[in-house]
Amino acid sequence: MNGAADRKWVWIGAVALAAALLVLPFLVKNYRVFQFNLVLVYAVAILGLNILTGFNGQFSLGHGAFYAFGAYAAAILMSLYGVPYWLTLPGAFAFCFVFGFLVGFPALRLAGHFLALATFALAMAVPQLLKYKRLEGLTGGVQGIVLNKPEPPFEFALFGQPLSSDRWLYFFTLFVTALMFLLAWNLLRGRVGRALIAIRDHPIAATAMGINLPMFKSLTFGVSAGFTGLAGALGAIVVAFVSPDSFTFSLSIFLLVGVVVGGLASIPGAIFGALFIQFVPNLADEISKAAPSAIYGAMLILLMYLLPNGVMGGLRGLWARLRPKTAD
Amino acid sequence: MKLTHILAAAGIAAAAFSTPALAQKKYDPGASDKEILIGGIHPYSGPASAYGTIGKAIGAYFNKVNDDGGINGRKLKWIDLDDAYNPAKTVEMARRLVEQDEALIVFNPLGTASNTAIQKYMNQKKVPQLFVATGASKWGDPKNFPWTMGWQPTYSAEGRIYAQHILETKPNAKIGVLMQNDDYGKDYYHGFLEGLGDKAKSMIVSHVTYEVTDATIDSQIVSLKASGADVFFNITTPKFAAQAIKKVAELGWKPVHYLNNVSASVGSVLVPAGLDNATGVITTQYLKDPTDPQWANDKGFKDWLEWMKKYNASADLKDANYVYGYNVAQGLMQVLKQAGDNLTRENVMKQAASLDMTLPMLLPGVNVKTAADDYYPIEREQLARFDGKTWVLFGKVYGR
Amino acid sequence: MEGFLLQVFAGLANGIIYGSVALALVMIFQATHHINFAQGEMATFSTFVAWWLMQQGWPYWGAFFFTVAVSFAGGLLVQRIILRPIEKAPVLTNVLVFIGLLLIFNALSGWLFDFTVKAFDSPFAKDSFLETKYFSAHQVGSAGVLVVMLLLLFAFFRFTPIGLAMRAAAQNPDSARLVGIRVSWMLGLGWGLAAAIGAVAGMMVAPVVFLDPNMMGGILLYGFAAALLGGVDNPVGAVIGGFIVGVLENLLGAYVIGTELKLTVALVLIVATLTLKPAGLFGKKVVVRV
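Protein chains in written order, with the working numbering: chain A, 1 to 328; chain B, 1 to 400; chain C, 1 to 290.
Keep in mind the hints are simulated off the structure, nothing from the lab.
One or more hints might be untrue.
[Unchecked claim] Estimated spans, in silico, between C-beta atoms of each pair:
(1) A:V146 - C:V148: 38 to 44 Å
(2) C:W52 - B:Q294: 29 to 35 Å
(3) C:G57 - B:D230: 39 to 45 Å
(4) C:R84 - A:V83: 15 to 21 Å
(5) A:L102 - B:K64: 56 to 62 Å
(6) B:G69 - A:S250: 49 to 55 Å
(7) A:F156 - B:G365: 41 to 47 Å
(8) A:L302 - B:K64: 35 to 41 Å
[Said to hold, decoys possible] Some, not all, of what chain C presents toward chain B, calculated at C-beta under 10 Å:
(9) A107
(10) F120
(11) G218
(12) Y222
(13) F243
(14) G246
Predicted model, so just to flag it, every value in this text is computed and none were measured.
Glycine included, every Cβ here is placed at the ideal spot set by N, Cα and C.
Work out the full structure: start from the sequences and follow the hints.
Here's what the structure looks like:
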């Protein structure tokens with residue numbers, strides 16, 4: 001009896017949430033909508049990294065590189081080849097998937113810190129590659145590429161607010177994000193998910209059970225890179241600009257921060273992680289102009305004390321404590 | 001007289017007397033009777049956080065102006081946001097200033113990539129992107145981007161000056177170039193190449209680069225010396241400039257040494273590098289270097305020093321960013337003063353495009369001049385040679 | 001030929017820098033099995049403290065040893081106060097705290113000592129007997145300091161009971177506790193020693209690269225690469241790794257790929273080496289019991 005009532009509440013909650021999300025952009029200014037779009041983009045990027053690091057235990061300090069490649073792929077397709085923006089997304093995913101898979105192979109031999117170094121090296125090398133003069137015709141070199149913001153395909157207004165470019169992008173991004181989350185959830189809840197976690201926690205036992213470790217690990221790298229690359233492409237569309245300075249290794253660090261803050265091996269955690277990396281730097285800036293990064297660093301440390309397993313870890317713990325104890 | 005004539009005369013007289021009363025105040029968002037809200041974007045965190053000081057300096061100058069009564073009776077409010085030198089963040093901050101804080105203008109945003117990211121938006125929204133803090137040459141394009149204006153002499157113009165000087169004084173030179181591998185470095189280099197023209201290929205015997213993440217540039221200097229160059233064009237930021245000057249001396253290499261203006265501060269670059277090592281280095285100047293003893297009794301310098309002591313008491317007097325911020329803030333003051341009670345964004349841009357003045361910390365002979373088709377406020381600069389103690393200006397004043 | 005030799009020697013000189021930082025990283029790893037990403041910024045901060053003392057009039061060696069002592073205490077305190085609460089937490093939680101510390105130390109350096117470039121004295125004067133044709137007195141001197149630190153560290157871990165206890169505490173904390181080793185204090189000691197080594201590294205590096213809050217940013221990556229290349233559990237390997245990275249980078253930039261891609265190529269080579277020898281060139285191969 002409790003189960004049915006529980007499910008009813010979950011459904012009502014879900015519908016209410018969906019309605020709220022759909023109406024939200026018309027209740028706030030365009031600037032806020034732009035920020036929400038960034039949150040959604042980062043959520044997909046963090047989800048990608050989480051698949052690799054959270055679920056599969058492969059430590060990546062270089063996911064900013066895949067984000068950058070996805071962003072540039074979209075930018076080059078749009079500016080040089082006139083590809084419509086929505087079509088660049090699968091292109092970016094495919095490109096980064098292949099690239100991630102190729103990186104995953106040699107990464108098989110590296111573990112822990114060594115993999116961290118290798119991926120960190122990737123993140124450091126990317127800005128240099130993007131600035132390389134032989135590639136300037138393609139990448140725009142240090143000047144970057146300025147993109148056009150997509151216009152909404154139809155007129156619409158709600159609560160007196162028109163469907164602006166930002167609001168249209170919000171719905172587009174929301175749709176893509178929901179799709180990616182669904183994809184991830186589908187992928188991870190079945191055999192694949194269990195295999196990934198098995199590889200992370202007991203690699204030798206996993207091999208003994210017949211899981212093809214090298215294939216799985218490389219494919220995971222590919223999928224993870226694909227997700228983050230697609231997020232990069234989305235990001236390029238939302239911000240309408242790419243340049244080597246947008247993708248320094250700070251981005252890789254921020255994505256990792258997002259994963260841990262949200263909660264390792266957690267899909268909804270990616271949203272919390274994205275909210276953190278988007279809004280907390282602004283908050284730190286408000287608190288102190290003198291040393292905003294110090295405030296940010298302090299907040300990071302504080303959060304790790306309070307929620308060592310991330311937000312989702314904390315919520316799970318809370319839920320476990322609040323939930324009525326089942327009878328024996 | 002005929003009645004109609006009298007009435008006509010009366011009408012004209014009435015109109016003539018009533019015009020002053022019609023000169024009402026006009027405000028765009030951010031301006032009011034009491035206050036003008038100025039927005040800014042500077043890197044307070046991240047790799048370029050050293051330049052956050054410019055934002056601080058501007059704020060300190062606004063404090064002085066407010067203490068002295070404000071501009072035309074209005075106080076200045078400065079909202080300066082941190083973009084961590086990340087163009088995506090710059091876009092966010094610019095949108096916040098325009099759409100949420102509703103500032104009148106966005107003043108002195110810093111960085112070429114950062115400004116490129118917001119240029120289209122600012123012009124679409126018709127909000128002034130005024131006196132941007134970068135030396136790139138693309139900011140003086142009133143036809144396509146009428147709401148964006150640069151400020152300082154461009155890097156490429158400076159590169160051209162050095163090229164010209166080399167062609168005049170050492171036409172058979174073998175040139176070695178050390179360049180920071182980013183937009184600022186490339187801008188200098190392109191100007192330099194343009195200045196050399198056809199002779200560029202034959203004169204430049206070595207072109208090496210470095211990243212800001214490199215530990216030292218010793219290897220690059222060794223390569224340059226080994227190439228046989230006898231002229232050295234040094235495009236580096238302060239830390240690497242100091243390293244370069246020191247290493248050049250250590251290797252016993254004595255080229256004609258051109259140093260970019262960005263790193264020409266006596267106190268913060270030449271002193272650490274060694275004043276003896278830096279003797280003979282050539283640069284261009286447009287601002288007075290506060291660590292240069294020749295300005296010690298200059299009124300402009302003394303006023304600046306007084307402002308530093310009162311409003312930036314704990315600051316390092318050797319930090320050139322405080323002169324830059326002071327200077328560009330004074331430029332804005334003139335624009336706002338000229339705008340008077342018509343504080344619309346359009347009028348601010350119009351006044352910014354009608355400047356003709358000098359400022360106390362600019363070198364004598366350097367002025368600030370703009371017009372509807374001239375969006376380069378400061379273009380003049382002069383070559384200077386370091387004599388072991390101070391920069392000695394020589395030659396003509398270049399620029400319009 | 002002269003140019004080539006100069007490049008190699010410049011690379012070796014850089015190698016001293018990378019090797020010193022790598023040593024600090026190895027120290028921390030041997031004691032805690034973590035890589036401390038804040039190592040560079042802590043070293044920079046220590047160097048600023050030394051600089052400030054010398055501005056107040058302290059003589060060089062007085063400031064030097066005082067800074068080393070203060071850094072030791074600081075490292076110990078950081079471990080006791082900030083890291084102890086999360087000792088049992090997952091690795092990545094610790095990594096995030098290291099990142100937080102990195103940001104805090106970097107911002108503190110900038111806030112307290114501002115961003116202008118500062119000269120830092122070298123104790124090895126230019127006209128001392130150490131000066132040679134290809135290496136400056138300072139380079140010879142700092143190489144000497146590096147070797148001394150290396151020997152001390154080696155002896156410490158190999159021949160002293162505390163060194164043994166520290167290695168045991170890092171490798172197998174539970175067993176170590178059972179034999180009476182105070183694991184928590186071993187971790188603190190490790191951090192203190194690493195901070196002290198970092199301070200020495202910073203003070204040796206600053207005269208060459210000049211002191212500013214971002215001094216160690218790029219160097220940390222190379223130090224990290226050097227430590228892993230040499231084998232992250234092997235101090236001697238780490239230092240040799242530093243020399244290899246320094247020379248490799250210079251030769252690549254001068255003769256092979258040009259300066260525009262030398263960082264990329266150097267890193268590719270290092271990663272390639274690691275895939276061939278996953279434990280590093282001189283590291284011990286880890287055999288996992290099933």
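Structure-based check of all given hints:
1. Distance hint check: the CB atoms of A:V146 and C:V148 are about 55 Å apart, inconsistent with the given range 38 to 44 Å.
2. Between C:W52 and B:Q294 the C-beta distance comes to about 30 Å, which sits within the given range of 29 to 35 Å.
3. In this structure the supplied range 39 to 45 Å holds for C:G57 paired with B:D230, their Cβ-Cβ distance being about 43 Å.
4. A beta carbon spacing of about 54 Å between C:R84 and A:V83 contradicts the range 15 to 21 Å that was offered as a hint.
5. For A:L102 paired with B:K64, a C-beta distance near 58 Å keeps the hint of 56 to 62 Å intact.
6. Distance hint check for B:G69 and A:S250: the Cβ-Cβ separation is about 43 Å, which falls outside the suggested range of 49 to 55 Å.
7. In this structure the supplied range 41 to 47 Å is violated for A:F156 paired with B:G365, their Cβ-Cβ distance being about 59 Å.
8. Between A:L302 and B:K64 the beta carbons are some 38 Å apart, a value that agrees with the proposed interval 35 to 41 Å.
9. A distance limit of 10 Å between C-beta atoms decides the matter here; for C:A107 the minimum to chain B is near 7 Å, and the interface restraint holds.
10. Hint status for C:F120: holds, given a least beta-carbon distance of 9 Å to chain B, under 10 Å.
11. Because the closest C-beta pair between C:G218 and chain B is about 3 Å apart, less than 10 Å, the hint holds.
12. Restraint check, C:Y222 versus chain B: the minimum CB separation of about 7 Å is within 10 Å; hint holds.
13. Evaluation of the C:F243 hint against chain B yields a violated restraint, the C-beta minimum of about 14 Å exceeding 10 Å.
14. Interface restraint check for C:G246: the shortest CB-CB distance to chain B comes to about 9 Å, inside 10 Å, so the restraint holds.
When each numbered hint is compared with the structure, violations occur for hints 1, 4, 6, 7, 13.
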